[in-house]
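Hey, can you work out the whole structure from these sequences and the hints?
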Amino acid sequence: MRFLMTSTSEQAADETLYIEMGEFIEELTKSGVLLATGGMELEGSLIRSSGGEITVIDGPFTEAKEAAGGFALIETRSKEEALEVSRRFFKILGDGEGRIQQIFG
Numbered sequence: 001m002r003f004l005m006t007s008t009s010e011q012a013a014d015e016t017l018y019i020e021m022g023e024f025i026e027e028l029t030k031s032g033v034l035l036a037t038g039g040m041e042l043e044g045s046l047i048r049s050s051g052g053e054i055t056v057i058d059g060p061f062t063e064a065k066e067a068a069g070g071f072a073l074i075e076t077r078s079k080e081e082a083l084e085v086s087r088r089f090f091k092i093l094g095d096g097e098g099r100i101q102q103i104f105g
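Under our numbering, the residues of the sequence shown are numbered 1 to 105, in order.
These are calculated hints, taken from the structure and not from any lab test.
Because the structure is a prediction, the values reported are computed rather than measured.
Treat the hints with care, as some may be off.
[Claimed, not checked] Taking lysine-lysine pairs in the PhoX-like style, the calculated list, with each CA pair at most 25 Å apart, reads:
id, residue 1, residue 2
1, K91, K30
2, K79, K30
3, K79, K91
Structural data, given as structure tokens:
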């Protein structure tokens with residue numbers, strides 16, 4: 001099962017965070033759980049289709065602290081395992097919030 005994890009963080013990154021997160025990412029990559037990871041721009045663009053009309057609206061749409069700033073694409077045997085990966089991630093990251101969504105196909 002594949003899941004997309006997105007996260008926001010209230011913590012400022014420091015050397016300890018980079019080291020611990022690097023070790024966590026290396027562990028997940030070696031085990032085959034982590035397929036991709038990266039940061040995301042906070043603003044983005046909204047693309048809306050209505051009645052054949054395509055509209056593009058440039059962000060930001062929310063306060064920066066509420067916008068997802070990073071993602072990880074993971075592959076696990078179950079949703080419970082994906083949630084455990086997320087719990088471990090936030091133990092390193094600290095305060096913030098995230099979302100996990102199963103990817104189909």
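So, going through the hints one by one against the coordinates:
no.: 1; hint: K91 - K30; result: 20 Å, holds
no.: 2; hint: K79 - K30; result: 20 Å, holds
no.: 3; hint: K79 - K91; result: 18 Å, holds
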